[in-house]
Each structure stands twice: as C-alpha cells, then as structure tokens.
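Participant: Sequence:
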Amino acid sequence: MIDGAAEIHLDVVAGVALAAGAWAGAWIARGARPRRGETAAFGGALVILLLVLNGPLHALSDRYLFSAHMLQHLALTLAVPPLLLLGLPAFMIDGLLRARPLEALARTLTRPVVALGCYAVTLIVWHLPGPYRLALEQHPWHIVQHLTMITAAGLAWWPVLARSERAPRLSYGAQILYLFAFGFPMTAVAAMITAAEALLYPFYASAPRLLPLDALADQRLGGVVMWVPAGLVPLAAFTIVFFRWVASERDSDDVAPSTAR
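Everything in the sequence shown is counted per the working numbering, starting at 6 for the first residue and increasing by one.
Take these hints with a grain of salt, some might be off.
Unchecked claim - So the derived label-pair ranges between C-beta atoms look like this:
no.	residue 1	residue 2	range
1	Val233	Ala25	27 to 33 Å
2	Gly236	Ala210	28 to 34 Å
3	Ser176	Arg214	48 to 54 Å
The set of hints was computed from the structure by calculation and includes no laboratory data. Fair warning: this is a prediction, and the values are worked out from it, not measured in the lab. Don't be surprised by glycine CBs; every beta carbon is placed ideally from N, CA and C.
Modelling step: build the complete structure from the supplied sequences, incorporating the hints.
Facilitator: Below you can see the structure in the form of structure tokens.
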C-alpha cells in the first residue's frame, strides 16, 4: 500500500476553493455567464490541481518515484497554466491589471524573451539537485516550488493564450515563431536528467521500490517523461495556432470583397 495515498492537503483545497469562488464571483458581479469552454477550461485546471497535489500521485512524488514527480511537474506547467488562461476572460485579467504599475509589470514579464527566460530559469533551478532536495525535505519550499513553476509557466503561455488588452498576446505569426522555442527549456532539463550517468537525486536511492527499477533507471524514466511532452504539447499548440491563423486570413479575404461592393 502506498503510504499517504489518501492524504488531502488542506492548503491546496483552500487555494482551489478560493480561486473557484473568485472566478464565479467575478461573473456574478458582471451579471453574465461564462461560455461553456471557459467553464470547462478553468474547472479542468482546478480539478487537475486537486488530483496532482493530493492523493496517490502526490504520495508517489514525495516518497517513492522521481518519475511520478516529473509527471506532476508536467501537469503544473503544461496543463494547469494554459487551462487557467483559457478560462480567464479579458475583463478578469484586465481588471486585475487596472493599476498602471501592475499593467507595466505584466507587459514586461509577458514579453516573449522575458517570459520564456523566467520559465527556463525556474525549470532549471528547481531541477538542480540542491533546490530539488530542499523542496522534498521542507514542505514550505515544496509549496514555493509548485507556485513558482505554475507562475513561470503561466507567463510562458501568456503570449499565446492570454486574452488581455492591457498585456496582449502575440499575433498569429509571432505565436508560431514563439512556439518553436517554447519546448526548449523543458527539453534541455529533460536531456540533462536522462543523460546523467550518476544519481542526481539521492533521496530516491533509499525510497521503497514500487517498480522493478532502481533509482537511476527511475531518474532516466523521469527524464523521458518530461522529454516527450516537452515536444508534443508545443507541437499541438503550434498546429492549433496555425489553423486559426489560416482561418482568420480566409475570413479577412471574404470580408474584403464584400466591403468593396
């Protein structure tokens, strides 16, 4: 039996409940209803948070398997942030950025180079042996790890997904170029972990073995777990953006002749 498999973290539950309440309250105050897609995206992000930061996966990540921890990190960077951005309409985002200092900060942090740089630094730092060990051994630092990863990933997804007039996303053509580079930070970290010939995270050497893998094999599996989605998710986003770009160009071509008449 997995120790801690049924454990519920009240801080996670409280944070998710607060986010859900704030989102629903904003719609009620506006006197409007969200679109189904917005509800599904925002609700999906909160459900994923509850699932990966509680229960069996969280227990596996904290006590047993490095590969499970990397699966958790994938969810916190490649699933939760884009879904949150898809679920946040412009009036919510721009309402938060109404103050000029916040708007200026958001514009700076969501510039492509800055956003991708923050994402890269965050991924690299938290997967270095020292900071990683600190997060495993001290729960407050584990919370900081997860919060900073979600925030940095949110900044990285912003130029493609955010619906904001105060800190707008890129044009379709620029999004295509940006998504070429999006997967590089996680790919680099995954390559470092997969190619390592020595154990980078000794914590797992003494962990109970739930799979027929030693700690080094589990470490390499974790690298592969990161590596594959790091290429596939940006590729999927690239494909969606490309077809949206084509559709928008077709729509503009259809409007032009009718306007001329």
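Participant: Taking 28 to 34 Å as the hint, is the beta-carbon distance of Gly236 and Ala210 inside that range?
Facilitator: With a Cβ separation near 30 Å, Gly236 and Ala210 satisfy 28 to 34 Å, so the hint holds.
Participant: May I ask you to test the hint 27 to 33 Å on the CB atoms belonging to Val233 and Ala25?
Facilitator: Holds: the Cβ-Cβ distance is about 31 Å, inside 27 to 33 Å.
Participant: Against the range 48 to 54 Å, how does the distance between the Cβ atoms of Ser176 and Arg214 compare: consistent or not?
Facilitator: Hint holds: Cβ distance 50 Å, inside 48 to 54 Å.
Against the hints set out earlier in the document, no violation occurs for any number.
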